[in-house]
Structure formats: C-alpha cells, structure tokens
Amino acid sequence: MKTTLTFLVLLIILFGCNKENSGNDEKNNGIVIKGYIPGSKAKSQQLKSGGLTLADAKKVLVFSKYYYKLFDISDTTFKATADYGTGAALIFLNDNYQYIGTLSPQGLNILPLGNLINGENTTIDLSKLTLVGNSVIPTHDPLGSEIKISPKEINSLKIIDDYYEAIARNIDANSNNKPDVLEHKQILIYTMLTVFGGKWGNNQRAPIVTDSAHYFVNYMVEVGGGDSLSFNNNEISVKGPIEEPYNDIKLWGFMKAPACGGNRGFISSFCREGIAAPGAPWGSAFLPLKKGTYTLTLNGNQSFSVYYSNINMYSNLFIVVPTLHTNGDGKLSSISFEYKLSNGTTIDPGNMLTNVMVQFSDNQMKQFYVNDKNKLTTQTGFTELVFATPLDISRLYQVDIWYDDMLGNQYDIMWRQ
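Residue 1 is where the sequence shown starts when you use this note's numbering, and the numbers rise one by one after that.
No wet-lab data here; the hints were simulated from the structure. Please note that a few of the clues may not be correct.
Okay, the calculated beta carbon distance ranges per label pair [said to hold, decoys possible]:
{"#": "1", "residue 1": "N234", "residue 2": "D329", "range": "45 to 53 angstroms"}
{"#": "2", "residue 1": "I117", "residue 2": "D248", "range": "44 to 52 angstroms"}
{"#": "3", "residue 1": "Q204", "residue 2": "T297", "range": "47 to 55 angstroms"}
{"#": "4", "residue 1": "P258", "residue 2": "G300", "range": "20 to 28 angstroms"}
Built from N, CA and C at the ideal position, the CB exists for glycine as well.
Could you build all of it, start to finish, from the sequences and the hints given here?
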C-alpha cells in the first residue's frame with residue numbers, strides 16, 4: 001500500500017472535516033424546503049415499476065456527500081432542511097423505504113444551495129409535487145427564483161443524471177430492505193480528478209491556463225463507509241463492473257475511524273494505473289473507471305453491490321485560477337481566484353462548488369501550508385484567501401487547489417511556476 005504520495009495525503013485532509021448527520025425535527029438548522037403531495041392516487045399520476053405513485057411517499061431523504069437527513073411526510077405535507085452551501089438531493093420513499101423518485105426541477109436532480117436569494121435564511125416552498133417516471137416535479141420552480149442560477153450553470157449541472165441513478169441504487173447496498181444510512185452502513189462512491197491547470201499568476205504575471213485540449217488528468221475512485229462499517233488490516237477490495245470487469249483495479253490507500261472523521265468508518269481510494277504520457281507533469285497515469293455495478297468487499301466476506309456513475313470530466317470541471325499577491329518582503333499576503341469552465345467561460349462558484357482548499361508543496365512534494373481548517377465556502381466567499389500573517393513561500397514549487405463540486409466529487413487543479 002502506498003501511503004506517502006500526494007494523492008492519499010490530500011484525500012485524508014479533505015475528509016477530515018466532513019460531516020454527516022440525520023434528523024427528523026425542526027431543531028436542524030439549514031435551508032427550509034417544504035411542499036405537499038396530493039393525497040389520492042390519481043390516474044393521471046404515472047406509475048413506477050412496482051405500482052408506486054407519489055401518493056405512496058411517506059419519507060423524504062435529503063442527501064448529500066456531507067450529510068443525510070430523513071423527514072416524515074405528514075398528512076401529505078413535509079418540511080425538510082438542507083445545509084447551506086451544498087448540493088442536496090431530495091429522494092422520496094414509501095413507508096418501507098422503497099425508492100419512488102428524486103426532486104427534479106427543470107430536469108436537474110439536485111438543489112444547488114450556494115447562491116440563494118436570502119442566503120442561509122432562505123425558505124423554498126415547492127408547492128404541489130407530481131411524479132413523472134422517477135422525477136418529482138414541483139409546481140413552484142426554485143431555480144432562478146430562490147436559487148440564483150443561470151441557464152448555462154443549470155445546463156452544466158444537468159449532465160449528471162446518472163449520479164442520482166447511482167444514489168437510488170446505492171440506498172440499500174446490503175439488500176436488507178432498509179436504507180443503509182439509517183444503520184450507519186451507507187456506502188458512498190465518488191470520483192477524484194487531478195488536472196494540471198498551468199502556471200499560477202503573481203503580482204507581475206497573469207496566470208497561464210493550460211489549453212483544455214491538452215489537459216493531463218489522473219482519475220481515482222473514493223469509497224467511504226458509515227461508522228458501523230470497517231475492515232481488518234487492508235482487507236478491502238473493489239471489483240467490477242460486473243458488466244465488463246477490469247483486472248487492474250488496485251487499492252491505493254485508506255484511513256479508518258477515528259482518523260478519517262466525518263462519522264465514517266473508513267475512507268479508501270482505488271485506481272487503475274497506466275503509463276504516463278510524454279510531457280506529463282507527474283510520473284503516473286491513473287485511468288478512469290467506467291460506470292457500472294461494482295462489488296465492494298470487506299474482510300473477504302462482507303460484500304456490497306455499489307453502482308458507480310463516472311461523470312464526464314469536462315461537464316463538471318471548473319478551473320480555479322489563482323493569482324498570488326506578495327508584500328514588499330516577498331511573503332504571500334493573499335491569493336485571488338477566478339473560476340472558469342474548461343472553455344474559458346467565467347462562472348459563479350457558489351452554484352457549482354461547496355468548498356475550496358489550497359495546499360502548498362516544495363520540490364520534494366512536502367506540504368508546508370494547507371487551509372483545511374478555513375476552507376473557502378459560500379459563507380466566506382470564494383474570491384480571496386487573505387493571510388493574517390504573511391507566509392514565506394521561498395520554497396514553493398506546487399500549488400494544489402482542491403474543490404468539491406455539488407455532487408461531492410473532488411478535483412485537484414495543480415499549478416506550478
């Protein structure tokens with residue numbers, strides 16, 4: 001097992017402050033989301049497989065990488081909360097916790113809660129809900145009203161429908177007819193991408209961004225388990241997909257509770273290692289894994305069927321472009337950031353990201369600064385990181401800017417001088 005390389009170190013840092021919780025009362029702080037469901041099983045409602053309609057819904061599961069909350073539907077109405085600055089899916093279940101559908105305004109199966117009309121005091125009233133296939137459609141569309149978001153940002157986030165198919169399939173990975181999150185046995189699987197961004201900017205020079213046609217990209221898959229799950233030694237493996245299995249998936253690293261934080265039993269990373277392309281800024285090439293059904297095995301005998309959706313890298317990639325500002329002594333006083341799609345279009349990061357972390361390393365890849373305790377978020381703003389005490393960067397070789405997108409996938413945009 002390789003534990004000294006940059007990928008694992010950064011992976012561990014990112015998970016250290018993640019949170020996860022459940023709730024079913026109004027004591028939970030957050031963005032209020034409410035609505036109601038017609039009580040009769042009207043013929044106009046389209047049936048799902050198994051004959052379920054939205055009138056069968058008794059629970060709303062508010063789900064993110066960072067938390068889950070379960071709320072009752074009482075007398076056809078519900079009132080749920082979700083965390084400000086995250087991307088939240090609302091999943092409707094019957095009284096046996098069977099999946100019925102996912103809230104889907106404008107075909108977007110997520111509520112991006114980072115750029116809201118009333119900030120953290122926003123209330124979203126979806127009004128009447130109806131079911132079309134697996135999509136729960138609100139009479140009141142919050143996109144463009146309570147949620148300030150442009151059509152281009154909606155379209156960028158829309159290319160992620162398979163992600164929510166993965167959530168739906170993975171609700172009960174151990175097949176005991178109960179959502180895994182209620183037993184703290186949930187399995188979360190995400191993509192981690194490392195992209196060479198180019199050269200950072202400074203006082204005298206604008207940043208130089210790599211042409212998107214020549215990105216160097218490394219892919220990894222992260223798997224996290226709830227705090228009721230663990231394994232001995234390094235007895236964890238991923239195999240698949242069952243439709244067309246690989247023979248080269250390898251365990252890259254892991255961390256167990258309590259070190260991994262976030263009410264998780266473990267986090268782990270897996271990759272397929274290839275040959276680095278000529279001119280690559282690192283000496284490895286981690287290949288993408290295709291979507292499909294994989295088997296996660298703990299201790300050689302505890303297996304989970306997990307569906308993995310690998311999003312198109314370009315559809316949800318945002319280049320975070322840094323410019324370093326130094327004082328008269330050459331020490332770093334602040335960093336300013338721009339946020340762009342791969343085609344160069346500037347975006348509002350509040351609709352697309354949940355947090356931004358900065359890491360500095362020397363030419364031996366030894367980390368000497370990270371803002372893991374004060375990441376940029378919706379609450380802090382995403383445009384600038386200010387250093388109360390100017391930082392000596394005389395040995396700075398590499399800047400890694402990490403962010404989580406609204407789905408929880410992790411991106412490392414790497415910059416050099």
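Okay, the hints, checked on the actual structure:
1. N234 with D329: 45 to 53 angstroms: Holds - the Cβ-Cβ distance for N234 and D329, about 47 angstroms, lies within 45 to 53 angstroms.
2. I117 with D248: 44 to 52 angstroms: holds, 48 angstroms
3. Q204 with T297: 47 to 55 angstroms: At roughly 54 angstroms between Cβ atoms, T297 and Q204 fall inside 47 to 55 angstroms, so the hint holds.
4. P258 with G300: 20 to 28 angstroms: holds, 24 angstroms
The structure agrees with every numbered hint stated previously.
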